[in-house]
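Chain by chain, the residues run as shown.
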Amino acid sequence: MTRDFTTDEALSPDYEETAERVDYSFGLKRRSFVQILSAGLLIAVSAPALAQRRGGRGGGGTRSIAARIHLGKDGTITVMTGKVEGGQGARAELSQAAAEELRVPLSQIQLVMADTSLVPDDGITAGSGSTPRTVPAVRQGAAAARDLLLDFACKRWNVDRNAVQLKDGKVTDAAGQRTLTYADLAASDDASKALEQPIPSDVTLTPVKEWKVFGHPASRPNGRDIVTGAHKYPSDITRPGMLYGKVLRAPSYGAKLTSVDLGPAKAMKDVVAVQDGQFVGVAAPTAFLAEQARAAIAKTAKWDLSPHPASKDLFDYLKQHAHDYPSASPFADELAKAKHALRQSYHVAYVQHAPLEPRAAVAEWTDGKLTVWTGTQNPFGCRSDLMRAFHLSEDHVRVIVPDFGGGFGGKHTGEVAEEAARLAQAASRPVSLRWTREEEFTWAYFRPAALIEAEASLDDKGTLTSWHFININSGGSAVDTPYRSGKTRCQFLRSETPLRQGSYRVLAAAANNFARESFMDELAAAAGTDPLDFRLAHLENPRLRAVLETAASRFNWKERASKKSPNTGVGLACGTEKGSYVAACVEVGISQGNITVRRVCEVFECGAILNPDNLLSQVQGAIIMGLGPALREEMRFENGEMLNASFRKYHVPRFQDVPALDIHLLNRPDLASAGAGETPIVVIAPAIANAVFHATGFRVRAMPIEVPKL
Amino acid sequence: MDSKITFTVNGQSRTVATDPQRPLLDVLREDLQLTGAKYGCGEGQCRACTVLLNGKAVASCMTPVAEADKQTIVTIEGLASGDKLHPVQEAFLAEGAFQCGYCTPGMILGTVGLLNELPNPSEEDILSRMQRHLCRCCHYQKLLKAIRRAAGQTAQSAAPK
Ligand code: FES
Ligand code: FES
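Line order of the protein sequences matches chains R and X.
Number 465 in my numbering belongs to position 473 of the first sequence; there are no gaps in the numbering.
Each position in the second sequence, counted from 1, maps to that position plus 540 in my numbering.
It is possible that some hints are incorrect.
[To be verified] Covered, in the sense of this in silico footprint (three residues per stretch, anywhere, with C-beta under 8 Å from a C-beta of chain R), are these stretches of chain X:
id, stretch
1, 555 to 569
2, 598 to 609
3, 638 to 648
[What the hints assert, rightly or not] In silico DSSO-like links for lysine-lysine, alpha-carbon gap of 27 Å or less:
id, chain 1, residue 1, chain 2, residue 2
4, R, K479, R, K331
5, X, K624, X, K544
6, X, K624, R, K224
7, R, K258, X, K544
8, R, K294, R, K248
9, X, K596, X, K624
10, R, K701, R, K556
11, R, K147, R, K159
12, R, K65, R, K185
13, X, K596, R, K224
14, R, K159, R, K65
15, X, K544, R, K261
16, R, K641, R, K701
17, R, K304, R, K641
18, X, K624, R, K201
Hints listed in this document are in silico derivations from the structure and should not be mistaken for laboratory results.
Since the structure is predicted, the reported quantities are computational estimates derived from the model, not experimental observations.
Glycine is no exception: its CB is placed at the ideal position from the N, C-alpha and C atoms.
Chain R extracted, bound-state conformation (with noise of 0.2 Å):
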């Protein structure tokens, strides 16, 4: 199998957990800055943020175990990580693998999250990463710490490590008579040079058959906080004096501000405004009068706009501007001498996060230093942009991630704290901004949209012979085909995008896995197979044959598939990514067009279950929000316009949508963790869309679905 890329870049794992930069550079012209850059003065900052960006996604690196975890005279275990919570659940995670290490109860561990003059960098949280590699660091200096409270009590009592004991955070000695804890080591006199030392890297950790932590529910250690209101969100963090901010955004896509008067704010009491280039802003006393100010000054402001793609040309646009396309056919022979050749085009729509708390950050200067609260997946990624930004060293930047309200891959960047920190500085106030519901549908960035061309052969026996898909502009996650294929090639091809464009949950698998199990299902239909035999028969890989045996089995499919009922469909899909596998098998309602997902059973392994409760939650919520892009979610855009920019019209799944679910995890303690918060949504669009061709005998190449009203 060959897989091609456009570019080397594209083969990092980390181009698609990137989105575009907003390249803010304050208190500089243009010219300057660029002169500054060629100078080679601004390189000392770039050049190490760079090399974090790109090598800081597994925390790797030699560290003290200090670095990870302080053990308090008064008993208090904190332990230090660079992962945030946005509600995926590495808040209890982390804790459960420092607890387990530890031998400490659960609720004896405080995690700090997030706050880069405090925690380690363990990289972005993204790419389902904090499970297979921030899980085993926080193990790893667990397990030191862990190590050194034994080698304390058998000096201290002069015995060797099989005389004693360690459970519930004491050491014991054989006779019961002594114990020791992590207190005592806090309060020795050596303590701090021992926990002063690296990470030794053949630390031993507890396998899993001696798990008492793992594999076990815990629920969010902060969630009473949750319940109360008490938990202090991005948005919600306040700083004495603070003011609100509001920006001034372009009225379309690419438009350049040419001139804008901030008299109308200005003249306002208490109001403060302030241009920087492109950058216009106020702050006021209230987010209200904030935005009347930011009114005042909009309808003096002169833009020159720009021409800009519309969303309904979108998928001609994306082929237009495809780099390197191929100009023939790789298996033409194979295709010509097939009993059935098939060739199909499958459109993905641009869709939005919208995590229900849009981007929001608090920005205080004190002594020319940068302190920022912000809801950002990436804290150390952000604290660069504003060191690029203000043209800051490292040690003049903070940035302290609260948990937020929701990533899902959607908040990579660190503009709005770039914009706070703007704001505060010409306040010298701390400022609050909050971005509205549609700044965020508009400015920030989206899943990419994906044209997908897929070819195929089959020979008289009904077995693959060539398979040729194609990915225009969305990404190369999951393109490679886990079927046995005859002649493969697999590619992902940039092309010119319409809107930002950057991570969301999973990345292009979902857009990969619906245009191939799709194709799948199409191919099935032609070679008169049955889709479940079609696939197992072109299937090697255990993990991905054991999901779809078993979530076949659980839907009872062999016998609902060859049912035909008026209005019902039955349709199913696999998948594999981010080291987990998924299957799914969903009953479809239509009538006049209107598609009801009714039932979804799904199975999914993703190694050895951490979290059962977690897993389940996150299980359930992939499922769920996979079915608004599959169904509904859609940005339309025009002139530079968004159309809709607001939840009235662009249609996110709510209560009524939940369909009866039937979700099993498949547990193998046998194997490695993988993360689980992605996967499961790559199945969801593909089997509905296959169930509505079992229901209707029409065909879906497109997210959102859409079936002609009968």
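Given chain R's structure and the hints, the job is docking chain X with the ligands onto it.
Frame of chain R; chain X with the ligands shown alone:
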């Protein structure tokens, strides 16, 4: 022009001098530091901003503060009595009915408002009433469990002994 508006919030009388057109949501969050009510859309589409106005769940982003004059408001901060959580909060905590939790205060107050009106709601009552509340983490399954659990409790305590 600013007006003086007086209302009872979480059992305390408060007076603010402000533009009467400002949304109640902003006044609660910015003037009274009651940040439990959240902004999610500003147009009645998500109900993250839900508070109780005279016991009824309302979207505070759509309620000009003038409408709260001389009225009684309860926000998520005022729902528990001291350390004792309200039964709906208990139910949400017990079911783990949150992922990011940003929708939670609105969901809880929406449920309290529902149960104030219908102590024993049917499944359809729950679905049609809660349909206006958005959870972008799509945690609806566990939210429904928590709402049913809370409804079961109120139904029990409302039933004649
Ligand atoms: S913020 Fe009030 S309904 Fe969304
Ligand atoms: S839990 Fe995140 S929006 Fe509901």
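Outcome of the hint check:
no., hint, result
1, 555 to 569, "holds (count 7)"
2, 598 to 609, "violated (count 0)"
3, 638 to 648, "holds (count 9)"
4, R:K479 / R:K331, "holds, 16 Å"
5, X:K624 / X:K544, "violated, 34 Å"
6, X:K624 / R:K224, "holds, 21 Å"
7, R:K258 / X:K544, "holds, 26 Å"
8, R:K294 / R:K248, "holds, 9 Å"
9, X:K596 / X:K624, "holds, 22 Å"
10, R:K701 / R:K556, "holds, 19 Å"
11, R:K147 / R:K159, "holds, 18 Å"
12, R:K65 / R:K185, "holds, 15 Å"
13, X:K596 / R:K224, "holds, 25 Å"
14, R:K159 / R:K65, "holds, 19 Å"
15, X:K544 / R:K261, "holds, 19 Å"
16, R:K641 / R:K701, "holds, 21 Å"
17, R:K304 / R:K641, "holds, 17 Å"
18, X:K624 / R:K201, "violated, 39 Å"
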